[in-house]
Amino acid sequence: MNRILSAGFRLSVFTLIFAASPLLAQKSKPAKIKAAALQVEMIQSDEIKLPAEFQVALYENLIRQLEENGFSRVYRDGDRNAASVADLVVLHSTVRGFKAGSERARQVTTVSGTTSITVRCQFTSPDGTSLLEQDVNGKVRFFGGNLKATYDFAKKAAHVANQNFSTPGRE
Amino acid sequence: MTSRTTTVLVGVASLFAGLVIPVANAQRASGPVKVVQLTGLVGVKDNAKGTLSVENGQLHFVHGKASSDVSASSMQDVATAADSQRAVGGTIGLMSMAAPYGGGRVLSLFRTKIDTLTVQYRDADGGLHGAIFTMPVGTAEVIKKELVAHGAHTTASGEPTPAASSSSSPNKEQKQ
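Chains F and Z are the protein sequences, given in the same order.
Position in the first sequence counted from 1, then plus 7, gives you my numbering.
Position in the second sequence counted from 1, then plus 55, gives you my numbering.
Errors might be hidden in some of the hints.
Pairs of lysine-lysine residues, derived as DSS-like cross-links and limited to a Cα-Cα distance of at most 27 Å, are as follows [claimed, not checked]:
| id | chain 1 | residue 1 | chain 2 | residue 2 |
| --- | --- | --- | --- | --- |
| 1 | Z | Lys120 | F | Lys163 |
| 2 | F | Lys56 | Z | Lys120 |
| 3 | F | Lys163 | Z | Lys168 |
| 4 | Z | Lys100 | F | Lys41 |
| 5 | Z | Lys200 | F | Lys146 |
| 6 | Z | Lys120 | Z | Lys100 |
| 7 | Z | Lys104 | Z | Lys168 |
| 8 | Z | Lys120 | F | Lys146 |
Reference listing, derived: stretches of chain Z covered by chain F, where coverage requires no fewer than 3 residues with Cβ under 8 Å from a Cβ of chain F [unchecked claim]:
| id | region |
| --- | --- |
| 9 | 86–96 |
| 10 | 105–112 |
| 11 | 125–137 |
| 12 | 164–172 |
| 13 | 185–194 |
Please keep in mind that the hints were generated in silico from the structure rather than gathered at the bench.
Fair warning: this is a prediction, and the values are worked out from it, not measured in the lab.
Where is the CB? At the ideal position from N, CA and C, for every residue including glycine.
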């Protein structure tokens with residue numbers, strides 16, 4: 008009888024520990040940084056030769072994905088209206104790795120021809136203070152043209168922004 | 056004997072003309088060019104088909120009843136590249152992948168060459184935009200030259216660079 012009670016007690020202790028751990032994890036999650044608006048700078052690729060269409064596709068997809076992820080005020084590179092915004096966060100993106108791949112190779116072999124791109128995303132305040140820095144990659148493995156990797160990157164980068172920044176009306 | 060020689064000469068000349076004329080036509084592109092706008096023009100959906108021309112210093116894109124203009128003087132970079140796309144694309148191309156005995160893969164080998172035109176321009180507020188177009192071979196460079204003549208800036212000069220996306224052999228990954 009005692010053995011059954013002791014086993015039951017242990018079981019309930021274990022259950023409590025496992026149930027409480029996600030709650031504790033949620034508590035330790037860092038608070039989101041307040042961002043009234045985001046300004047996206049043009050993608051830089053000084054050290055890696057990146058075709059112009061990739062550079063533009065990365066930039067355009069990034070802006071679109073940020074807007075679709077609830078950032079109501081996304082400013083483009085050089086937009087004068089961004090200068091007067093309080094709590095503005097500036098996103099600088101630098102290409103760190105690029106593999107062109109081949110759509111034909113992907114479709115013929117399935118296992119080769121992957122297009123991949125790695126971009127260092129740095130979120131800063133307007134004065135240049137770094138708020139967050141993270142590498143984000145985009146890939147296309149099977150279907151679609153090579154530029155689809157830019158869409159994959161943009162989705163992931165917008166997710167990173169979504170996880171770390173809060174905007175008014177979307178906490 | 057003479058008639059046979061003449062026939063052979065005419066045949067060779069026709070073949071040569073057949074090879075040269077399409078290239079010459081592609082280089083001309085004085086009128087509107089059929090293009091696909093991949094992304095970037097304000098108010099135009101991605102992958103919109105239409106015609107592109109340079110009129111009065113404006114890059115003029117017409118899609119159905121709607122049209123979009125970008126001033127050449129607002130362009131801070133115009134770049135061209137050579138690319139290729141599947142000859143059989145779209146839904147049929149996707150469905151063909153399920154064809155037995157690798158039939159769809161064979162179709163993937165057939166590709167058509169295209170040009171890409173990438174334009175970076177600024178709006179009235181100074182915001183930077185980028186637009187990408189695909190078009191028939193030889194037309195992008197002509198449009199680029201017209202835009203540059205009307206005040207567009209370009210960082211790259213000379214012949215179009217082969218786009219990385221067009222390469223049939225996978226390039227080595229570049230890393231910083």
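State the violated hints by number, sorted upward, taking the hints as numbered earlier in the document. 1, 2, 3, 4, 5, 8, 10
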